[in-house]
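A.B. asks: Chains as they are written, first to last, in my numbering: chain A, 28 to 261; chain B, 209 to 795.
Take these hints with a grain of salt, some might be off.
Calculated pairs, SDA-like style, for lysine to any residue (alpha carbon to alpha carbon, straight line, at most 20 Å) [claimed, not checked]:
id	chain 1	residue 1	chain 2	residue 2
1	A	K175	B	R218
2	A	K138	B	K212
3	A	K175	B	R694
4	B	K417	B	E291
5	A	K173	B	I221
6	B	K632	B	S657
7	A	K116	B	N303
8	B	K212	A	K175
9	B	K429	B	E376
10	B	K386	B	P408
11	A	K175	B	R225
What the hints contain is simulated information worked out from the structure, not anything from laboratory work.
Values in this document were obtained by computation on a predicted structure and should not be read as measured data.
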Amino acid sequence: MDAPILSIRNAELCRGGKNDAFRVHLSELVLFKGEILSIVGPSGCGKSTLMDVIGLLLQPQSAEEFGLTLSCGTSYRSVHRCPEPLVMKLRRQHFGYILQSGGLIGSMSVKENILTASKFSDRPLDLDWYATLLRILGLKDLSSRKPKELSGGQRQRVAIARALVHKPRFVLADEPTAAVDARLAEEVCEAFRQAAKQLEATVVMVTHNREIAERFSDRILDLGNATTSPVSRI
Amino acid sequence: MRSKILWSLRFAISELRSEWLFGVGVAMAVCSVLTPTALLWGAKSGMIQTMRNRMLKDPAILEITGQQNSPIGLEWFTQMRREPMVAFITPSVANISLYGNVYPESAPDKLLEIAYLPTDTGDPIGGGLKWNPLQKEEGIPCTVTSSVAEKIGVLEGDRIIIESRRFEQGKSVTGSFKGVVRKVLKPHESTLRAIYLPLPVIERIEHYKSGYAVPSLGWIKQVIPRLEIYDALRVKFSSAGTEGAFAAQLDQLASSMKMTVVASAQKDEFEIRPMGDGIEYLDVVKILNQFGHAAPLVNPRAQCEAKFAGIGGEKVVIRSSPIGWLTPADFAAMPNQASPDHSSKRLAQLEVRSVDANLSELAIEVGPEFTGTPTIEVPPSLAGVIGAAKRRLVQYNQESGDLLPLRRTYPGFRLHANTLEDVKPLRILCEKQGIEVRTNEERIQGVLSLDAVLGKFLVFIVIAGGLGGAGALFTSLYLSIERSRRQFAVLQILGISRVYVLMAVLTQAVVMVFIGFLVSFFLFQVGAAILTALSQLVLEPGAAVCVLNLTQWTRLLFVAVALAVASGLLAVSRLRFRDPAIVARCE
Numbered sequence: 028m029d030a031p032i033l034s035i036r037n038a039e040l041c042r043g044g045k046n047d048a049f050r051v052h053l054s055e056l057v058l059f060k061g062e063i064l065s066i067v068g069p070s071g072c073g074k075s076t077l078m079d080v081i082g083l084l085l086q087p088q089s090a091e092e093f094g095l096t097l098s099c100g101t102s103y104r105s106v107h108r109c110p111e112p113l114v115m116k117l118r119r120q121h122f123g124y125i126l127q128s129g130g131l132i133g134s135m136s137v138k139e140n141i142l143t144a145s146k147f148s149d150r151p152l153d154l155d156w157y158a159t160l161l162r163i164l165g166l167k168d169l170s171s172r173k174p175k176e177l178s179g180g181q182r183q184r185v186a187i188a189r190a191l192v193h194k195p196r197f198v199l200a201d202e203p204t205a206a207v208d209a210r211l212a213e214e215v216c217e218a219f220r221q222a223a224k225q226l227e228a229t230v231v232m233v234t235h236n237r238e239i240a241e242r243f244s245d246r247i248l249d250l251g252n253a254t255t256s257p258v259s260r261i
Numbered sequence: 209m210r211s212k213i214l215w216s217l218r219f220a221i222s223e224l225r226s227e228w229l230f231g232v233g234v235a236m237a238v239c240s241v242l243t244p245t246a247l248l249w250g251a252k253s254g255m256i257q258t259m260r261n262r263m264l265k266d267p268a269i270l271e272i273t274g275q276q277n278s279p280i281g282l283e284w285f286t287q288m289r290r291e292p293m294v295a296f297i298t299p300s301v302a303n304i305s306l307y308g309n310v311y312p313e314s315a316p317d318k319l320l321e322i323a324y325l326p327t328d329t330g331d332p333i334g335g336g337l338k339w340n341p342l343q344k345e346e347g348i349p350c351t352v353t354s355s356v357a358e359k360i361g362v363l364e365g366d367r368i369i370i371e372s373r374r375f376e377q378g379k380s381v382t383g384s385f386k387g388v389v390r391k392v393l394k395p396h397e398s399t400l401r402a403i404y405l406p407l408p409v410i411e412r413i414e415h416y417k418s419g420y421a422v423p424s425l426g427w428i429k430q431v432i433p434r435l436e437i438y439d440a441l442r443v444k445f446s447s448a449g450t451e452g453a454f455a456a457q458l459d460q461l462a463s464s465m466k467m468t469v470v471a472s473a474q475k476d477e478f479e480i481r482p483m484g485d486g487i488e489y490l491d492v493v494k495i496l497n498q499f500g501h502a503a504p505l506v507n508p509r510a511q512c513e514a515k516f517a518g519i520g521g522e523k524v525v526i527r528s529s530p531i532g533w534l535t536p537a538d539f540a541a542m543p544n545q546a547s548p549d550h551s552s553k554r555l556a557q558l559e560v561r562s563v564d565a566n567l568s569e570l571a572i573e574v575g576p577e578f579t580g581t582p583t584i585e586v587p588p589s590l591a592g593v594i595g596a597a598k599r600r601l602v603q604y605n606q607e608s609g610d611l612l613p614l615r616r617t618y619p620g621f622r623l624h625a626n627t628l629e630d631v632k633p634l635r636i637l638c639e640k641q642g643i644e645v646r647t648n649e650e651r652i653q654g655v656l657s658l659d660a661v662l663g664k665f666l667v668f669i670v671i672a673g674g675l676g677g678a679g680a681l682f683t684s685l686y687l688s689i690e691r692s693r694r695q696f697a698v699l700q701i702l703g704i705s706r707v708y709v710l711m712a713v714l715t716q717a718v719v720m721v722f723i724g725f726l727v728s729f730f731l732f733q734v735g736a737a738i739l740t741a742l743s744q745l746v747l748e749p750g751a752a753v754c755v756l757n758l759t760q761w762t763r764l765l766f767v768a769v770a771l772a773v774a775s776g777l778l779a780v781s782r783l784r785f786r787d788p789a790i791v792a793r794c795e
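The following block holds chain B by itself, in its conformation from the complex (with noise of 0.2 Å):
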């Protein structure tokens, strides 16, 4: 079988040479089909790739920007991580955490008001950065906008110091952290004010701004929560007969702060049950501290419930301070302290169980002196972890010590698409499943639309030239076998199966469309020189006008090839002899 197809091929290769100019005119006539088609597709190609580059300078045009919708669960992230059309996606904090000021670490004169937007791997803006908690001293690297560089005077490498402002008990007060310019964005690549951080440091950002103690990024004080996280609060007198005072303070709070009073079972105790938002801890601490110790109120059965997440691996007891074993020292921290006596009680412990690699529980074993009733007394600091924990997940992070709400949800999100194409897909998917979004969908059609009746155009030219190409191979192809039937019928004559001569002939066709092809590519090649050089005025440098790339170029082949195979079959099935003998004699 090897050697009659290598016969065969020989014989292919042995006919073409002989026959030379006949191969040189098919191929030829190939190249004048294949040239001008190459040019034309190549000039549409080059136009429309000096359009898409321009437009691609900027990097926002691929960019899809959540608006303010409803909470986006996690889910919905991982399966657009999944998604081919999305080039890189992270979600977003609430837009009144994402503001901010900066100033050069050397400079402070030169604060400026600038927004934050969150990064990740792969971002093609941010530049992709990771915050390790580790960083703190050296600084959390960020990627700054040409604007912001700019204006304050910085380049990479320097370091910079990034503020949050929040209200604690009605004051503005500030926190900062250290970061370091990893980047500075070139003008096109973005016109914002803004600096990029990582997702994890923007969401302590917004933590920070609600409140919570972010050791991080050096913030320690947690704003004491709202009274609405307690169940309630215990009062307990600190000496005796003061309780018609206490009593007459407690009616003018119920009525003006909204409050239940419900008498202990135990003389010098009540508690005080919110009924409402709204109430500040510090106010009504603060009033009835006159009188006693006052301390909130946790129901156990509830915090039982509530999970911890992201510690993982083995079992976790969190013995440090503010959570875990309470001693004097907690209680002697505590604003307001005035009950010693009750410090030196074990009140409860805390524990955390793990459940699996990112979900802990948290359990709390309640002292034996409180397990007859409903509920322990707990420092405000740790009600405030544990309301938070009541409410939803909280994520411990053992390297950095933050305890922090776990975000499950999030209010917006930057995604960039893979190429312009997939821009509207992605948008119509986001709308699809509710979520409003906001893109450059105008710049890119007017592109995408050009490219479109071009290729139509194109596909017609194509069309035409394919046809005329094919027609003059199978004339050439099949004058050449008419040429050649008295050599054919003797093959048949001798036994040789039509295949062989079959194989012969399309390997004829093949080579000739393979020359024709390799002279239009260095036709195409000088042809596009040319059309460049004249082009030059108009082009930006390095760009091009006749471009066709590595996979059109294999196209065309494919289809000068395919086109070439058709003719030969064409051609060939003329070669059919119901008697050989006569045609070897006559012909």
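The following block holds chain A by itself, in its conformation from the complex (with noise of 0.2 Å):
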């Protein structure tokens, strides 16, 4: 098996202000290179605050371990300690986030929205990619349309278009079929694996949807099941 490229151990994560705080404990947590990670449970047991401290969108308050290794050979060892700029940097460089409703810009078309990461990612566009990602995301005749003329499906695609166009080492998904019926969601997590195998990205979904998890992951992770969680509720 290859070494992990993300881990996390004993980490508090906390959300919220000061009086109603949700706060979790984090045992540990590992990602491999190339693997679905469905993290799934009941509302409020922590998948989203674990998906958003995986994708360095919110800090731990504390952690033994918060390792982070790139695909250059950098690694970080206390993610969670680096400054803020650095973080942002990180985010749009390995990372590609794909949003429960597409989080689209609704004014830009969607050859403009998808370019969005790569513009900010301060890599080259590389055309043979962005072209395969159309292909496979059945995206080809639509690059001159705004989100509104789109479907729901078609919306989530221009998302996980946009969360790869850049060929990011981490993909972070919350709930990317809760907008779709239960047929578009198959399309669309097909389209999303496929995506995502050929990149050989990691990628992290949250659902509610347990039967999507079990088919299109490689790993899911129950938070409401007590005997196997890594997260606890403090």
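Using the hints, put the two standalone chains together into the complex.
C.D. replies: Quick look at the structure:
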């Protein structure tokens, strides 16, 4: 097995205000290159919080280890202690995000939306990969359309393309199928899985849909199962 | 970096396009503040401008006239020419020399007494005429006021004769020269009965009146100066045996004319030295020449200190009469000459040595037979020149042949301020330097005070309008940002720096303000045209009641853009996410 590219050990995760803060303890989480990890569990169990910590959107309050190894060989032992500009740079260059409802910029075309992530990643656009993405995700003929002219499934595919266009090391997907029906959800997930596998990106997906998780993931982390879950409420 | 900035601008524009109604609304809000502000400012500017234009129709409004002052040095004029508030300045000569007569060349009977006014380059009234000594024949260019032109019936291009009077041996004589009318002033430009002449010409008129010869204007006769400018007179008897009668005459002269008589080492010579002013050379010479030859004496050492100015160039030796080698012909031309044996002597050589471009030294080389004595004997005309040189600098113009005292000071001047606002500070500046002046400040001050009061009123309106506009802009941008919080949170999740978001918001603000500004500009033109049309009856032809110039529009745009940027910054300062993921998910 490959060496882990992300590992978090004994971390205290916290979200919210002082009085109504949501606090959980993460004993250990390790991610490997190219694997697809689905995080499932009931509402309020900390799925999104855990994903945001993995995606460098939320800093753990404390962590014994928060290691990150990049493809270029650079590795960080305590990412949560890195300064904000560096964290932002890491996010831009090595992470891709798929939001629940797409999170597309309504005023921009499909092409502009997709290329936004590429523009800010400080990496040159790989036109072949861009074309491949459009083909895999079925967006070839939609590039000049505005998000409001697309169906829910198409919007989600554009979000996937945007998350993958700059060839990130990690892809975080937050309920990517929540806004589409079951048939479309399968289509979207299949396209997503294909693209991610081709990129060898590590995918972390939060979903309520256990069936989708089982079908498309290499590993499932069930935070609702107290015996196996590494996350516990404090 | 460039592609990120471009993305930011494209994002801003695409957001504006997709929310164009919002953009139009904000632009109209800006317009609703800018248009009345511009109209009020334009009305104020138009009103003040009309009043100023009315005043400026009379160029004399900007004139600052020197009163009878103590002599003003050339350095002051140089300093004033460098002063940014000064549009034009020229020295002027004494008032007594500023009057003469003029008549058309073709109609000598239309003689009119007029005033001369000096002009020079940049003169807003006099036409900035230049003098060239070679213009004597074709006529010296001059500008005449409408009053003069009307009275003597001349037009541009006509030739006129300009006259000046002086006294020679108690008689009034007239010197005249030809002038050509280059410009006739319009009635509103000057109410004076005057002609404008180049300053050098007016200076020469003054010199003529003082008794000097001015060959460049055709006035070649030099009034023999008063005795006071000579060191002494030497009388040499023409024939022996007249000493007794001469002594008696001398006693009479000495008592009546305050002279002392000093006997020379040679028995047939006497020196007569003046004790005070006012001894007419001719009166004395007339008497003395009954006995022999009388000629002025000058001290060569004193002459050596005299300097000529304005010659320049190589070493110059003046050889033409009346200066230079003295020849028998020179003596023959002198009045009351009676001693041909003296005329054969080389008495002195005048030499001008160039010191620098503008200054030459006058040296006198004494003839060998006079080297042992402190004086030299020269003809009266030369003595007059030397006398002038003794007292001050002399300017020799090779082109015109004029050898005249050089002016280092002037009693007056004509000064024009650049703007109405400059008149008062220039008056104060002159007064601080002890120079009394007369201005038209009272007329100007009324308009400037009104301008200042209206200006303050306008500033109040602009501040109130600016606050309203900034408030409207801020509210609009703030609401827009609040509405797009989720979108901005997504951008932050994607790792897009706040700088680019800020740039986009500011671009939107500036574009909306600019559109509002353009609409205001258009509405202003319509409003101004309507106001002008309604005010036709009280306006002069071509005048506008509501005017804003390019600078004023630029200022207005600058203020509007500054408010847009400030409002945008304030609005974006609200856009700070502690947890963008929550915002992106929840809102």
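A.B. asks: All hints are to be evaluated individually against the structure, with a verdict given for each.
C.D. replies: Hint-by-hint comparison with the structure:
With a C-alpha separation of about 18 Å, the suggested pair K175 (chain A) and R218 (chain B) falls inside the 20 Å cut-off, and the hint holds. With a CA separation close to 16 Å, the supplied pair K138 (chain A) and K212 (chain B) stays within the 20 Å bound. Taken as a hint, the K175 (chain A) and R694 (chain B) pair is honoured in the structure, with Cα atoms around 16 Å apart against an allowance of 20 Å. Of the pairs offered as hints, the one joining K417 (chain B) and E291 (chain B) is violated, with about 33 Å between alpha carbons and a cut-off of 20 Å exceeded.
For the suggested pair K173 (chain A) and I221 (chain B), the alpha carbons sit about 15 Å apart, so the restraint of at most 20 Å is met. Between K632 (chain B) and S657 (chain B), the direct Cα distance comes to roughly 13 Å. Compliance with the 20 Å bound is thereby established for this hinted pair. Distance hint between K116 (chain A) and N303 (chain B) is unfulfilled; the C-alpha atoms sit about 85 Å from each other, more than 20 Å. A C-alpha spacing of about 24 Å is found between K212 (chain B) and K175 (chain A), which places the hinted pair above 20 Å, so the restraint is violated.
This hinted pair checks out: K429 (chain B) and E376 (chain B) have alpha carbons roughly 10 Å apart, not beyond 20 Å. The suggested pairing of K386 (chain B) with P408 (chain B) holds, with an alpha-carbon distance near 15 Å, which does not exceed 20 Å. Taking the CA atoms of K175 (chain A) and R225 (chain B), the gap is about 14 Å. The hint holds against a cut of 20 Å.
Hint compliance for this structure: hints 4, 7 and 8 are broken, all remaining hints hold.
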